[in-house]
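Engineer: Those protein sequence lines, which keep their order, are chains A and B.
Just so we're aligned: the first sequence equals residues 14 to 227 in this note's numbering.
Just so we're aligned: the second sequence equals residues 2 to 350 in this note's numbering.
It is worth saying that the hints were derived from the structure and are not from the lab.
Be a bit skeptical, because a hint or two may be false.
Far from chain A, some chain B residues (derived; all Cβ distances over 12 Å) [unchecked claim]: (1) Glu56; (2) Thr61; (3) Pro69; (4) Ser75; (5) Ile104; (6) Ala109; (7) Glu203; (8) Pro211; (9) Ser223; (10) Arg290; (11) Asp300; (12) Gly329.
With a Cα cut of at most 35 Å, we get these calculated DSBU-like pairs of lysine-lysine [said to hold, decoys possible]: (13) B:Lys175 / B:Lys86; (14) B:Lys95 / B:Lys85; (15) A:Lys212 / A:Lys18; (16) A:Lys133 / B:Lys346; (17) B:Lys146 / B:Lys95; (18) A:Lys94 / A:Lys122; (19) B:Lys175 / A:Lys61; (20) A:Lys17 / A:Lys212; (21) B:Lys85 / A:Lys212; (22) B:Lys146 / B:Lys85; (23) B:Lys86 / B:Lys146; (24) A:Lys61 / B:Lys146; (25) A:Lys17 / B:Lys346; (26) A:Lys61 / A:Lys122; (27) A:Lys122 / B:Lys346; (28) A:Lys122 / A:Lys18; (29) A:Lys133 / A:Lys61; (30) A:Lys133 / A:Lys94; (31) B:Lys175 / B:Lys95; (32) A:Lys122 / A:Lys133; (33) B:Lys346 / A:Lys18.
A short list of chain B residues far from chain A (calculated; beta carbon distances all over 10 Å) [what the hints assert, rightly or not]: (34) Asn49; (35) Pro62; (36) Asp116; (37) His118; (38) Glu176; (39) Asp253; (40) Glu283.
Fair warning: this is a prediction, and the values are worked out from it, not measured in the lab.
The C-beta atom is built at its ideal place from N, Cα and C for all residues, glycine as well.
Chain by chain, the residues run as shown.
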Amino acid sequence: MAQKKYIYLQPTPVRTWHWINAFGFVVLILSGIQIRFPEYVNIFGSYKAAIELHNTAGIVISINFCLWLIYYLFISRTLVKTYVPTTDDIRYGLVRQSIFYFFNYFLGKPNPHHPTPDDKFNPLQKSAYLAIMLIMMPLLILSGIVLLNIGSLSGLVLALGGLKIVVAAHFLLACCLCAFMFTHIYLATLGETPIAHFKPMWYGWEEVHEDKEH
Amino acid sequence: MESKSRVFLLLFFTFCTSFALLVGASLASAWESAECQGCHGEAAMVGNDLVVNAEVFATTPHAEMGCPSCHMVSNSHPDGEPVKKLGCPMCHSKAAEEYSGGIHAEIAACIDCHDPHSALGAASVSGYAMNQMCTNCHAPDTTAKSHAEWLPWLPQTEVHLGTVPCVTCHTNSKEMAITWYISNYKVPDGEFTPVSYEELAERANNGEVPQIIDTNNNGRISINELSTFNTADEYRKLHLAGMMIPEEFSHDFAMPENRWDCTFCHASGPDALQTSFVAFPEADGTLQRLPVEEGAVLDALYATPNFYVIGATRNPILNWIGGIILVGGLLMPLGHGTLRLLTMKNRRH
């Protein structure tokens, strides 16, 4: 019989960061929809309220991103280890994990990756988070900063090809991150129980079974 | 119905009176404009207060009417007798009526903003020049500060002040259209100065400035012509700076309620921002406006690359691409979730 064991998977700073990020993203998505489609959507009362909320949430998310980067780069010093796939991950891990998600999962076979504090993400997660956190998020934040300051950064806007290019990049990147959120939330339900992966992101501790550790 | 008839009668009466006075004034005086300018064209002869720049005056709509239409002088002028002048309301009765009810009427006369000897028709005045008139009393620094108080009631204050003439929001003007001005590449703080006729004439074929963009010289500007201009190496230092300017001006300076609502401009609709022009400077200091093909404002990339009004100029193709990305993100949970439900029994252990 399997014995329950708990591992401390998500430290407090990571959890705090994650939920600020999650809340901020929801606010950004809703206000962003109102900003882009004002004649169809009015969630926050007025257009100006949506703009101010979007700007504020954008600044909070940007600061949050910087804190995340500083934490992983200088405090835990595990950015590369946590988020950059190893050669093994690329050669075998990606295929193995894909086979699990798209085939073996349906047959009831176990997940080939067991998260530990030192190895939290499977190869697919690593690749996705690498693209999201180190490419798309910085570009989204930078384009947002430019759009917040189009007066003082007008020279940069023109050098980038004009306001429309910056806006288009910001919009499409936001759509990509929104699409990622759908998948992210769904994949989080693929644990032993649908809320098994949500618990460690709230409490910090992940429940694992002894026999699965070996 | 009765009030409409009264308004009609009033307008008819005003028109008849104005016509009679203008004709009467012209007939009463034998002076010709050229003769007037013989003296009033030189400050040395009449002093700085009475001099009129003949070249500038010639570009105004008033020049066609001639000096005696407004200034009634006797044949013995200058005889020391005061010269009678017709007031602006004689012709501009609607503007005068609108203006008289507002706060400006108490502190500024028509000529404080519109010098009749240099005032151009509305289409010949750039939005930039319109704002210059306002800055004679409203200092730009104070204006910027008052629009940007905490929390800024006008986000992106400097951009709004640089791209929307004051009269667009602060009068009851209607029928907004976008007018583009050819500007230099450097744009400090959202403001711009249109490039001069002389500079553009040097670049244009045969000195025909509009042909810089209107390459087929048909008097209309297509999206393709705009794209060609915006991607041409030779015009790399130039760009089009757009301003939202009313087509139908009002002198009623009571700010309409709907101008406080951002969606007055920042919302799309079937006709929103479809009317646009490119204004080219002319040798005489006026502007020549050429109409632009509909859809230019909404073009995703090169037609108007640096003109974007959030909420209003969203590109439909980009919306579709964004939608496809979102649907792609939903397909994985939906497809995987369906198979997950169908194979649930395999994981019951």
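Engineer: CA of Lys61 (chain A) to CA of Lys122 (chain A), is that 35 Å or under?
Structural biologist: violated (52 Å)
Engineer: Please check whether the beta-carbon of Ser223 (chain B) is more than 12 Å away from every beta-carbon in chain A.
Structural biologist: The assertion about Ser223 (chain B) holds, with a minimum of 18 Å to chain A.
Engineer: At 10 Å, judged by beta carbons, does Asp116 (chain B) keep clear of chain A as stated?
Structural biologist: Asp116 (chain B) clear of chain A: closest Cβ-Cβ about 32 Å, beyond 10 Å.
Engineer: Does the no-contact call for Glu283 (chain B) survive, Cβ to all of chain A over 10 Å?
Structural biologist: Glu283 (chain B) is indeed farther than 10 Å from all Cβ atoms of chain A, at 26 Å.
Engineer: Looking at Asp300 (chain B) again, its CB stays over 12 Å from all of chain A?
Structural biologist: Its Cβ does come within 12 Å of chain A, the nearest being 8 Å, so this is violated.
Engineer: Are the Cα atoms of Lys86 (chain B) and Lys146 (chain B) separated by 35 Å or less?
Structural biologist: Between Lys86 (chain B) and Lys146 (chain B) the Cα gap is close to 40 Å, so the pair fails against 35 Å, i.e. violated.
Engineer: Beyond 12 Å on every Cβ pair: is that true for Thr61 (chain B) relative to chain A?
Structural biologist: holds (34 Å)
Engineer: Would you check whether the claim that Glu56 (chain B) is not at the interface survives, using Cβ distances to chain A and the 12 Å cut-off?
Structural biologist: holds (35 Å)
Engineer: Would you assess whether Pro69 (chain B), listed as outside the interface, keeps its beta-carbon beyond 12 Å of every beta-carbon in chain A?
Structural biologist: Consistent with the label, Pro69 (chain B) stays out of reach of chain A, its closest Cβ about 49 Å off (over 12 Å).
Engineer: Using Cβ atoms and 10 Å as the threshold, tell me whether Asn49 (chain B) really stays out of contact range of chain A.
Structural biologist: Holds: least Cβ distance 39 Å, greater than 10 Å.
Engineer: Given the hint that Lys122 (chain A) pairs with Lys133 (chain A), does the C-alpha gap stay at or below 35 Å?
Structural biologist: Holds. Lys122 (chain A) to Lys133 (chain A) sits at ~20 Å (cutoff 35 Å).
Engineer: Given the proposed pairing of Lys175 (chain B) with Lys61 (chain A), does the C-alpha separation stay at or below 35 Å?
Structural biologist: holds (22 Å)
Checked against the numbered hints above, the structure violates hints 11, 12, 21, 22, 23, 26 and 29; every other hint is satisfied.
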